[in-house]
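Peer 1: Sequence:
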Amino acid sequence: MNVGIICEYNPFHLGHRKQIVRIREDFGADTGVVCAMSGNFVQRGHPAIFDKMRRAEAAVRCGADLVVELPAPVCLSSAEGFAMGGVSILSRLCDGLCFGAETTDAEALSAAAQALLSEDFSPLLRERLASGKSFPAARQAALTAMGLPGSLLETPNNILAVEYCKAILAQGSPMKPLPIRREGSYHAQTPDAANPSASSLRLQLEQGADISPYLPQAAVRCFENAPMHTLKAGQRAVLYRLRTMTEAEFAALPFGSEG
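Under this note's numbering, the first residue of the sequence shown is numbered 256, with each subsequent residue one higher.
Keep in mind the hints are simulated off the structure, nothing from the lab. Please note: incorrect hints may appear among the correct ones.
[Unchecked claim] Dumping the calculated DSS-like pairs for lysine-lysine here, alpha-carbon to alpha-carbon at most 25 Å: (1) Lys-388 to Lys-273; (2) Lys-431 to Lys-273; (3) Lys-307 to Lys-273.
[As the list claims (entries may be wrong)] Computed spacing ranges between beta-carbons, pair by pair: (4) Ala-473 to Arg-381: 47 to 53 Å; (5) Met-483 to Pro-326: 29 to 35 Å; (6) Ser-406 to Glu-502: 34 to 40 Å; (7) Val-493 to Ile-435: 21 to 27 Å.
If you're wondering where the values come from, they're calculated on a predicted model, not measured in any experiment. The C-beta atom is built at its ideal place from N, Cα and C for all residues, glycine as well.
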């Protein structure tokens, strides 16, 4: 059996290794682990803190069998596009897709995904958008109107989990969704020893702190003396471009429907 993980490993930490270990505990020591990982840019629109080759090496040294790259247009897409791209790649290689979520009920996540794909959902969503709700709030309200818990779409990992299930259903993928509980806070600013967040580790790195206690030793060696990359290096160029864009150029950007 091969199990896929859609990931960014920005950077690879103890929580990521725990997921790989958990997969083999649940499905057998001979389970293949295939990671579809963001390249040098990640979904939040920033450059990855370490380059893709070092992050891929860390994953392999910490238990992954294969790391394939998510193309940049997928990485820089919406949650839906990110999930669609990752599922499309891993469906050719894997029997299951493992992801962390606040909700570990695969049936509930799949039911929400099926609702979002149904013909009844779009009119309900449009009504709530027309009433002035933001897209995330309108989506939650529309799901609730269909008799399902809109709260499933409140937290970042659940949102991505539902998108993974949507992509599996929409593509007719043979992969089974395999949610495991996401421990720790996704956006925590201070790293937790057992379940550090990647956000907190990037902040620590930018402040010059030592993050090695939160990384497997094999990953520490991969990142040792590695150059770090942040958006600050390109900040002037990005701001210049934004300040000189016309209204028509902004309107032509993908995925911009509000404001």
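Peer 1: Hint by hint, say whether it matches the structure.
Peer 2: Hint-by-hint comparison with the structure:
| no. | hint | in the structure |
| --- | --- | --- |
| 1 | Lys-388 to Lys-273 | violated (38 Å) |
| 2 | Lys-431 to Lys-273 | holds (20 Å) |
| 3 | Lys-307 to Lys-273 | holds (21 Å) |
| 4 | Ala-473 to Arg-381: 47 to 53 Å | holds (50 Å) |
| 5 | Met-483 to Pro-326: 29 to 35 Å | violated (23 Å) |
| 6 | Ser-406 to Glu-502: 34 to 40 Å | holds (37 Å) |
| 7 | Val-493 to Ile-435: 21 to 27 Å | violated (36 Å) |
Figure legend: structure checked against the earlier numbered hints; hints not met, in rising order: 1, 5, 7.
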